[in-house]
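Sequences listed follow chains D and L, in order. Position 40 of the first sequence, counted from 1, bears residue number 64 in the working numbering, the numbering being contiguous throughout. Position 147 of the second sequence, counted from 1, bears residue number 155 in the working numbering, the numbering being contiguous throughout.
Mixed in with the good hints there might be a few duds.
[Claimed, not checked] Cross-link-like lysine-lysine pairs, in silico, DSBU-like; alpha carbons within 35 Å at most:
{"no.": "1", "chain 1": "L", "residue 1": "K306", "chain 2": "L", "residue 2": "K293"}
{"no.": "2", "chain 1": "D", "residue 1": "K224", "chain 2": "L", "residue 2": "K214"}
{"no.": "3", "chain 1": "L", "residue 1": "K239", "chain 2": "L", "residue 2": "K220"}
{"no.": "4", "chain 1": "L", "residue 1": "K144", "chain 2": "D", "residue 2": "K270"}
{"no.": "5", "chain 1": "D", "residue 1": "K79", "chain 2": "D", "residue 2": "K35"}
{"no.": "6", "chain 1": "L", "residue 1": "K126", "chain 2": "D", "residue 2": "K270"}
{"no.": "7", "chain 1": "D", "residue 1": "K214", "chain 2": "D", "residue 2": "K94"}
{"no.": "8", "chain 1": "D", "residue 1": "K270", "chain 2": "L", "residue 2": "K39"}
{"no.": "9", "chain 1": "D", "residue 1": "K224", "chain 2": "L", "residue 2": "K239"}
{"no.": "10", "chain 1": "L", "residue 1": "K94", "chain 2": "L", "residue 2": "K214"}
{"no.": "11", "chain 1": "D", "residue 1": "K214", "chain 2": "L", "residue 2": "K280"}
{"no.": "12", "chain 1": "L", "residue 1": "K126", "chain 2": "D", "residue 2": "K224"}
[Claimed, not checked] Which stretches of chain D does chain L cover? Using the computed rule of at least three CB atoms under 8 Å from a CB of chain L, they are:
{"no.": "13", "region": "140 to 147"}
{"no.": "14", "region": "254 to 265"}
Derived by calculation from the structure, the hints in this document are not laboratory data. Here a beta-carbon is modelled for each residue, glycine too, at the ideal position from N, C-alpha and C.
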Amino acid sequence: MSALTFSLKAKLTLRVDCSSLTPDGLQGKTGAEIECIELPMGNANITVAEVFKVKGRDCEQIIFCADSSKLDRIGAGMSGGEIVVEGAAGDYLGLGMTGGVLRVAEDVGIFAACEMRGGELRIDGNAGDFVGGGLPGERRGMFGGIVVINGNAGARAGDQMRRGMVLIGGNAGDYLGSRMSGGTIVVMGKVGANAGFAMKRGTLVLTQLPENLPPTFNDCGVHPLGFLAVLMPVIRRYGAAFLDLKFPSNRAQRWMGDLANIGRGEILLPGRVDPLRLIHPTAPAIF
Amino acid sequence: MIINGSHIDDTFAEAFGMKATRILITAHNLKWAYHSALSLTGFATSVIACGCEAGIERRLDPTETPDGRPGASVLLFAVSTKELAKQLERRVGQCVLTSPTSACFAGIHDGEKLPLGKNLRYFGDGFQIAKLIDGKRYWRVPVMDGEFLCEESTGMTKAVGGGNFLILATDQAAALAASEAAIEAMRKVRNVIMPFPGGVVRSGSKVGSKYKALPASTNDAFCPTIRGITKSELTPDIGAVLEIVIDGLTDADVRDAMIVGIRAACALGAAKGVKRISAGNYGGKLGPFHFHLHNILKAKP
């Protein structure tokens, strides 16, 4: 059976909610039935056939031949199967997904992997703000699964994250891991201001110390951390972007905070950074 | 049946159903992994008074462990799930958590789960951290040399305990040499442990005693010094008897270990004083697993 393919017919002017086009939602439906599904667009509904040209039958493997940042909620709530987006995608990608694999070839909008519970979400481009966060007003963000972003992530990645892993191959914006209460975020590039703001628990694995770390993080020194030996092989599995992340002898510099909260969060760095340099960038290295 | 001049008795070993688990202990080097593993498996020779039977199954190379460090694989056996859980937690808490640089991982991933770090984490006094990596939950407990890394739980399986055979030799030296040869060969068999000191037991027991308080007492039929005054199993040429007890994850594992051990002992043969091989049983009424010596030795050359 060939993959079920949705090819965008024309450029969209309004946002379209694609949350019903998942392996779970389309299970047992015929091609004609799928074409008749109504998708919310703007303040009205539109049928699948009006937006997409539909081909193929395998609901377990869905392909969006579409490059539109107006296609929202792709893969929302999916629990299995595979969705591939051969282009960009809109907001709320993989919202609340619990399983399966969701891949996007280019950039995605805000709130990707929002309230995600399980499965794997891979983004080859950049992701907008609030990756792995919670819906506005909700008190819990991503709760499981893994998100791999080969490009950059916007602000507040991992906001209120509770469990799971977010791997960012590029840079991350401001307030990385804000209000985080568990899980692991890895950033290979630079990190914006106020990383770990109001963080309760959880781990930020960085390659360099953020330029503007909240003063409520304390340096705990460089130590061997056994769990890195278990974690690193898993991270390296997710692509070349993460192969350079190395902790020789599993030693990491550990910062803990946010002490304005319960202070059990941690920022781990492969090398030693002189804490005085954070306060006085011109101070000589004494360590 | 005679192997290399050693007579194999037409009898059987009787074994019992048990509950078992496996844990992997790693450390900075093999020396410290073994310090921890030996401590954990200490005073674990018999469920009669130790709560569990435990032993080091084998050495682990760094490529075989979750954290890439050298380690030891340890098997624990008990008569009930509750007792096994209790012994596991106590022993890991007192012998692995306390041991420098150690970490502890599950060695069985299926079946019912037994707490490993699940409760030990509270030693961290609120500073402990959970990490879910690749579907497995680990606890990181801060200790004075860094962090104690411990998997949350390990799997439990049904197992077989009490497989055994007896080496009847001309004297103590001959019995000991044959036992050592047997144990050395049996240590290469996976999924089994020989829980007694050095893998060998000299105080074989029978069920019951003349003293009401004791459930078991010395197996007088195999004691050479009272040969003349009891219903002895020993002929005049037997001066010492040693027993090897085997616990395994399956009856096939116990059987394989028995075959390897008996053959290694018999390799020394009658010329080196190994006169007979026998086995301990309770008439077949107590244990569901019977290992008939002739049958198992015929089955695998």
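Determine which of the earlier numbered hints do not hold for this structure and return their numbers in increasing order.
2, 9, 11 and 13
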